[in-house]
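Peer 1: Following the hints, put chain B in place on chain A, whose structure we already have.
Spelled out, the chains give:
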Amino acid sequence: MKAKHQRLVLICIALVGLVAAGLIAAYALRDQASYFYTPGDIAEKGVEPGQAIRLGGMVQKGSVRKQADGVTIDFIVEDGKGTVPVRFTGITPDLFVEGSGVVAEGRMDKAGFFVADNLLAKHDENYVPREMRDMTKADVKKLGGTVQQP
Amino acid sequence: MIAEIALAILWLAAALAVLQLGLGSYALTARGAEFLRAVRPIAVVQGLLVATAFALLIVLFLRTDLSVKLVAANSHSLKPLIYKIAGAWGNHEGSMLLWVTVMGLAGGFVALLERRLNERTMVATLAGQAFVSLGFYAFMLFSSNPFERLNPAPVEGNGLNPLLQDPGLAFHPPTLYIGYVGLSIAFSFAVGALITRDVGPAFARAMRPWVMGAWIFLTLGITAGSWWAYYELGWGGWWFWDPVENASLMPWLAATALLHSVSVLATRGALKAWTVMLAVVAFSMSMVGTFLVRSGILTSVHAFAVDPERGSFILTLLAIYIGGALALFGLRASTVTEGARFHLFSREGSLVMNNVLLVGILGIVLMGTLYPLVTEAFGTKVSVGPPYFNPVSAIFVFPMLVIMAAGPLMRWRQDNGRKLANLLAVPALVAAATLALAVVFAGDIGVLPLLGLVFAAGLAVASLLPLWKRNLRRTPAHIWGMVIAHFGIAVALAGMASESAFNTERLVASEIGQSHTVGPWTIELQGVRPIAGANWTALEARLVARYGDSNVQTVLNPQARMFASPPTATSEAALLTRWNGQLYAVLGEEGDDGRWQLRLWWKPFVPLIWYGGLLIGLGGVLSLVGRTARDLRRKGEPELEPTSEPAAPRPASGGQEALA
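Protein chains in written order, with this note's numbering: chain A, 3 to 152; chain B, 32 to 691.
Only chain A is shown next, with the shape it has when bound in the complex (with noise of 0.2 Å):
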């Protein structure tokens, strides 16, 4: 194999095999990436039941209910523009309260609840979730919210 023409050889594989990696990310990123929703947008647009998303917004004074089993709570997440009531199993976080800011990662089920596999508070003093930082300023003054400021 001449010098150039390897070197082409080369150049070419590398080039295939990055163009490969991007278009396979790219599609995929449309597939898998998870979207961010509020009750508002979900009232307004709908979701596909079962479809990966991200819901944001308040927990509702006084709507947190804890089954019997111990571990599953129901509640109601909302934002001023709509209500959608919630699911969860687990353990939840420390700075999981009434009249906070949440974000939990699930999906909406045929009956309309939302469920979640995980929910992301305020881990500690300087993280906040990113779509929750957009809410604190304006929707958690209108709800009567008390989200600390990070």
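Hints listed in this document are in silico derivations from the structure and should not be mistaken for laboratory results.
Be a bit skeptical, because a hint or two may be false.
Which residues of chain A face chain B? A partial, calculated answer using Cβ under 7 Å [what the hints assert, rightly or not]: (1) 30; (2) 36; (3) 51; (4) 93.
Simulated crosslink set (DMTMM-like; lysine to aspartate or glutamate; CA at most 25 Å straight-line) [claimed, not checked]: (5) A/63 - B/580; (6) B/412 - A/33; (7) B/412 - A/71; (8) B/412 - A/50; (9) A/68 - B/621; (10) A/112 - A/96; (11) A/68 - B/276; (12) B/412 - A/80.
Ideal Cβ positions, reconstructed from N, Cα and C, are used throughout, including at glycine.
Peer 2: Same frame as chain A, now just chain B:
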């Protein structure tokens, strides 16, 4: 006083970096050759000075000097000693100082120890290192001074984030940083060699130990970080594809590729341009990672606007260094001479393929990490997690494992494939047997875990084959290093696959005295009591665990901790390790009916993940030590190292002229 002295030392170090850059550049011109000798000592002194400044910061933290803003914000007089020390780098300013310290020390050590490289290339390298350091010196001195005073001094400090109050913290960030920043020296070597048009095997041999060293630290740092997240967060997971984790994985992927291509360049004189490119990419990934973590752009795009100075400063540095290096590469790539030729079906060919696949994985991780930032700029908020990263990176990981199995068994230049096919029959059979066993006995465990187990078994056998028919006592250390590192990948992969395939989980609300089963374990909750530590109080459960029919009882004590300063609650998981896996218990909250929430996992073979990581690091250490020892032995025989000869007479004359 200490803070002022430290700040003065830091300024002095920065001034020396200016000198190192200026004098180094001048020395490379036709008229400046007499200054070539002066650059090494400057680099050594600069490294010592900046290390002193860092040591003084640790002293300030040890004394809990609350008149220093950084100490007041991050420390507390009641903190245990080890966390007072760790507090020095567990924050933005301190970690930036650690960054320049590692850069300075890396430059200093290279100046002190590396004697094989052409002196002009060495000076260009040190000048490059100083140039990169200067950006970070400026960043610190102008925008995040770690020694800033606070007047009046507060009575008590804020304390350190309790999640970080863990032995893991004392070890993990500095290890990662040494790895991250150690790659800067590879970057500088590449820039230096491009400037003096000296890209060749000698340059690769000089660069290799430094790349290897940085890579070892990165490997151990990532392993430790994963272990820390596993037991400290209490979520039972070991890798979350969190952007901060990705920020450490990306430089590791690039450094792994670089490590392999630099070996090809050192041994065979091929892949010159590609190696230089990878060195630039590897350190770029370190800086991208630092930018993502430090700017706060990750936690929120709005935090970026809240503190624009910090983020845009790093972004500017990023643009200057990466842009500059790429421009230099573009200008000089055509002058990089053609490397030795090889057939695609050869050891070199397999290393090229692996490099491409590694860089492909790097691209996938990078895109997934940046995607939320890009979409948010267009007003759509998304998050990218395991459903993207796991399957998409697997598309590249599994072919890479096949090449990893075959590559070390192939000949350089060209392989005819006959011997290879015979050798690979063994691991292929083992993999097939694993597949059959898993399908028959394990049931439905998912495609990726199944593939993981099969490939791990095959690779474990294949990675040992380079030792086949060798005299083990005469096998060089770097061969052992490669074998152990590749075997470590198989071990870690087996742990990962086993964790996701065979993990069992129980979530219960338990009365005192009630028993629960998870996997082969029976666990009884005997009680919950309050206890107190140095700067926290906690509720501690007493769990008694029995394995299978055994009568041996083991006590587990998961805690829910409340830290006083800053007020934070954390969950301390309790772990019980057996040879075949780990029991993981987390205590939740008490219900109104007096029942306690418990989360229990049985994770078969999960510790293999971190044992694998350690093996990979150990392989690196063996290879580094073995190669260095061999180089030192050869130094005694000057005829083998003709390049070291002409350098010897120069010191006398050069030194005198510089003095005159």
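Peer 1: If you check each hint against the structure, which ones fail?
Peer 2: 3, 5, 7, 10 and 11
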